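Peer 1: These are the residues of each chain, in order.
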Amino acid sequence: MRMLLIILQKEFKQIFRNKVMLPIIFVMPIVQMTILVYAATMEIKNIDLLIVDQDLSATSRGISSHFQGSPFFNTEISQMSAKDAYGKLESDEADLILFIPANMEHDLYRNGNAVMQITANAINGMVAGIGTSIVSQTIMQYNRNLVLNYLKVPDTRGIQHQISTTYRYWYNPYLDSKSFMVPGILTILVTAIGLFLSGFNLVREKELGTIEQINVTPIKKYAFLAGKLIPFMVIALFDLTLGLLFGKLLFDVPIVGNILVMYTMAIAYLLVVLSLGLLLSTISSTQQQVLFTAFFFMIVFMLMSGLFTPTESMPNWAQDVNKINPIAHFMRAMRMILLKGSTMNDVLSEFFILMGTGIVLMSTAIWRYKKAS
Amino acid sequence: MESISIHIDDVSKTYANGEGISNISLSVKRGELVGLIGPDGAGKTTILRIITTLLLADKGMAMVEGFDCHKQYKNVRRIIGYMPGRFSLYQDLTVEENLKFFATIFGTTIEENYELIRPIYSQIEPFKNRRAGALSGGMKQKLALSCSLIHKPSVLILDEPTTGVDAVSRREFWEMLKGIKEKDIAILVSTPYMDEASLCDRVALMQDGKIMQIGTPAHITSQFAHTLYSVKSENMYAILKSLRTYPLVHSVFPFGQKLHLTLKTGDAADAKHFLQTQGFEEVTIEQIVPNIEDCFMELMSSKKTEV
Numbered sequence: 039m040r041m042l043l044i045i046l047q048k049e050f051k052q053i054f055r056n057k058v059m060l061p062i063i064f065v066m067p068i069v070q071m072t073i074l075v076y077a078a079t080m081e082i083k084n085i086d087l088l089i090v091d092q093d094l095s096a097t098s099r100g101i102s103s104h105f106q107g108s109p110f111f112n113t114e115i116s117q118m119s120a121k122d123a124y125g126k127l128e129s130d131e132a133d134l135i136l137f138i139p140a141n142m143e144h145d146l147y148r149n150g151n152a153v154m155q156i157t158a159n160a161i162n163g164m165v166a167g168i169g170t171s172i173v174s175q176t177i178m179q180y181n182r183n184l185v186l187n188y189l190k191v192p193d194t195r196g197i198q199h200q201i202s203t204t205y206r207y208w209y210n211p212y213l214d215s216k217s218f219m220v221p222g223i224l225t226i227l228v229t230a231i232g233l234f235l236s237g238f239n240l241v242r243e244k245e246l247g248t249i250e251q252i253n254v255t256p257i258k259k260y261a262f263l264a265g266k267l268i269p270f271m272v273i274a275l276f277d278l279t280l281g282l283l284f285g286k287l288l289f290d291v292p293i294v295g296n297i298l299v300m301y302t303m304a305i306a307y308l309l310v311v312l313s314l315g316l317l318l319s320t321i322s323s324t325q326q327q328v329l330f331t332a333f334f335f336m337i338v339f340m341l342m343s344g345l346f347t348p349t350e351s352m353p354n355w356a357q358d359v360n361k362i363n364p365i366a367h368f369m370r371a372m373r374m375i376l377l378k379g380s381t382m383n384d385v386l387s388e389f390f391i392l393m394g395t396g397i398v399l400m401s402t403a404i405w406r407y408k409k410a411s
Numbered sequence: 020m021e022s023i024s025i026h027i028d029d030v031s032k033t034y035a036n037g038e039g040i041s042n043i044s045l046s047v048k049r050g051e052l053v054g055l056i057g058p059d060g061a062g063k064t065t066i067l068r069i070i071t072t073l074l075l076a077d078k079g080m081a082m083v084e085g086f087d088c089h090k091q092y093k094n095v096r097r098i099i100g101y102m103p104g105r106f107s108l109y110q111d112l113t114v115e116e117n118l119k120f121f122a123t124i125f126g127t128t129i130e131e132n133y134e135l136i137r138p139i140y141s142q143i144e145p146f147k148n149r150r151a152g153a154l155s156g157g158m159k160q161k162l163a164l165s166c167s168l169i170h171k172p173s174v175l176i177l178d179e180p181t182t183g184v185d186a187v188s189r190r191e192f193w194e195m196l197k198g199i200k201e202k203d204i205a206i207l208v209s210t211p212y213m214d215e216a217s218l219c220d221r222v223a224l225m226q227d228g229k230i231m232q233i234g235t236p237a238h239i240t241s242q243f244a245h246t247l248y249s250v251k252s253e254n255m256y257a258i259l260k261s262l263r264t265y266p267l268v269h270s271v272f273p274f275g276q277k278l279h280l281t282l283k284t285g286d287a288a289d290a291k292h293f294l295q296t297q298g299f300e301e302v303t304i305e306q307i308v309p310n311i312e313d314c315f316m317e318l319m320s321s322k323k324t325e326v
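The listed protein sequences correspond, in order, to chains P and L.
Counting from 1 along the first sequence, just add 38 to a position and that's the residue number in this note's numbering.
Counting from 1 along the second sequence, just add 19 to a position and that's the residue number in this note's numbering.
Simulated from the structure, these hints should not be mistaken for laboratory data.
Hints are supplied without guarantee of correctness; some may be wrong.
Unchecked claim - Here are some, though not all, of the chain L residues that point toward chain P, as calculated from beta-carbon distances under 10 Å:
no., residue
1, 101
2, 106
3, 110
4, 302
5, 304
Claimed, not checked - Here are some chain P residues the structure puts well away from chain L; computed CB gaps all over 10 Å:
no., residue
6, 41
7, 45
8, 170
Said to hold, decoys possible - Straight-line alpha carbon distances no greater than 35 Å define the calculated DSBU-like cross-link-like pairs of lysine-lysine that follow:
no., chain 1, residue 1, chain 2, residue 2
9, L, 251, P, 259
10, L, 200, L, 147
11, P, 83, P, 286
12, L, 93, P, 408
13, L, 202, P, 259
14, L, 197, L, 147
15, P, 244, L, 200
16, L, 283, P, 259
17, P, 57, L, 197
18, L, 48, P, 259
Quick caveat, the model's predicted, so the values are computed rather than measured.
Quick reminder that beta carbons are idealized off the backbone N, C-alpha and C, glycines included.
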């Protein structure tokens, strides 16, 4: 016990004397929460829409005016040629082009049918898809009003047969992407802190040669390794708290669930992360090796975890991989607890999977760490 | 037998690249200072790492105070003090924190064993709040020695403690070792410096993973089979080249400002005569007593001719 205490004391002293480590511990949560949450927003805003109005009729102006002032679009209306308009698309000055051909109004009233064209730059498929659908919806809406005004009577043809749907978004009623992102960013924060700090620590002793002196002592293996885990567990939980606090203050993210359930899950998850760091540390001989392997695991697991995109739309093999992806489990649990108010019972399967993974990794790390060669 | 503290018998260890040590046998008594002397790569560190339980031997047996270094490594670690070749204390902890840390993990306190380390530690105690990384080379070495003695070990193992240390600190360090030896502690030290051999009670000369000779420095130098001459002149390099063509020469090596020369037959007068025929007039040749380095060179060259 006294041995464990002196080891912990030593580790904490070393962490707090490290001029690089300390700023990372305090600055990283703040920067990640304030910058990443904004940067990683899923909302579609500020699409550059170019309306080429060659008709210049009351109807075409009416349509154009619907896009002005829309939060989704930066609208520019011009009478340029189709060729010039495509040039704008090419030079990235426009994301979407709406062509209103000459005689559109004439065709509409005379033939009862008019054609317009939407051209989208689909390099970013999401922007193109969502932008196109908003534009066509807006035009359809306008069209319906037009019919109404023209006929001066309600359009009774469709009413009897129309199915109308209303909807409500649960757990995130205003579809605020920040509520979705904050638990995700918190997960990344805890992962990065836990994985890198614990991964670097043991291998640093190898690089400096201090492990040589330690290995000759009768120090207990468990005490030595506990000394390598407990400080980073404490620091990661501290950073989680700091990040959550910032999320609450800056973005007013909902914290619906029980905070203790969240911490229980965080401890189970950190067991996995810290053990992985320790394992990488035992099989590597330089910090560089740890850095690259840790980075590899983190990027793969992070992108597959559903941080940005729903895991349900990934191919089946990816979903299978996600069954062992600790980041995916913890992130899901975090979102469930914070946004939905899930209880321990609801996240029990995640808890056991994390604990299981943690115990396996930890045992491997302990088995791999040998004092003699 | 009772007083034997470190005992290794027929120990071999081969690394993946083919290097290693073969059939090493050695013992160190309590209160004895034994030196492993040899160039880099001779296998000195390998022997020390086997005794300190950091490395497992392929075959043979290593014992410390009756405990097997392989099977009873836990007992061995409790009674052994080890100072690795590289400074291995925590640079970001202070002098006192390092000492306290090692005292605690050995289940003791600084106060309890202060007497043993006092002669050494008192020299760095004024700097006890300084970080170990900010100490000078000599002070780091004293701290490392203090830390390896803090649990009152019965055996002290030092891996090239004086490498990269200035001449004054080196002499001081050997003085400290003498003091420790008097506390009935067995000391095994490795060094690449031949001149430190005379400071050991016994030395083992090592080369290519083998012990070539072992004994007291006096015994080893008395075993020197040839008469040794020192040659002194103005143009040393030309003389060296010229002597290497002289058929009676057994060996000739540059040694500081002089050449050390042994002959197959004949004496100094023959050599002097030869050099005069070669046009070297101002030459002094005198007989000298061989030192450990001469013995080492002799052993090395005779080993080469065997192969």
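Peer 1: A separate judgement is required for each hint: does it hold in the structure or not?
Peer 2: Verification of the supplied hints:
1. 101: 4 Å, holds
2. 106: 7 Å, holds
3. 110: Holds. Min distance 7 Å.
4. 302: 50 Å, violated
5. 304: Where the cut-off is 10 Å and the nearest Cβ of chain P is about 48 Å from residue 304 of chain L, the hint is violated.
6. 41: Per Cβ check, residue 41 of chain P is inside 10 Å of chain L; nearest 6 Å; violated.
7. 45: 7 Å, violated
8. 170: 59 Å, holds
9. L/251 x P/259: 61 Å, violated
10. L/200 x L/147: 25 Å, holds
11. P/83 x P/286: Measuring from Cα to Cα gives roughly 24 Å; hence the hint holds.
12. L/93 x P/408: 13 Å, holds
13. L/202 x P/259: Between residue 202 of chain L and residue 259 of chain P the Cα gap is close to 31 Å, so the pair holds against 35 Å.
14. L/197 x L/147: Measuring from Cα to Cα gives roughly 24 Å; hence the hint holds.
15. P/244 x L/200: 31 Å, holds
16. L/283 x P/259: 60 Å, violated
17. P/57 x L/197: Violated. Residue 57 of chain P to residue 197 of chain L sits at ~41 Å, over the 35 Å cutoff.
18. L/48 x P/259: The given pair, whose Cα atoms are some 32 Å apart, holds under the 35 Å limit.
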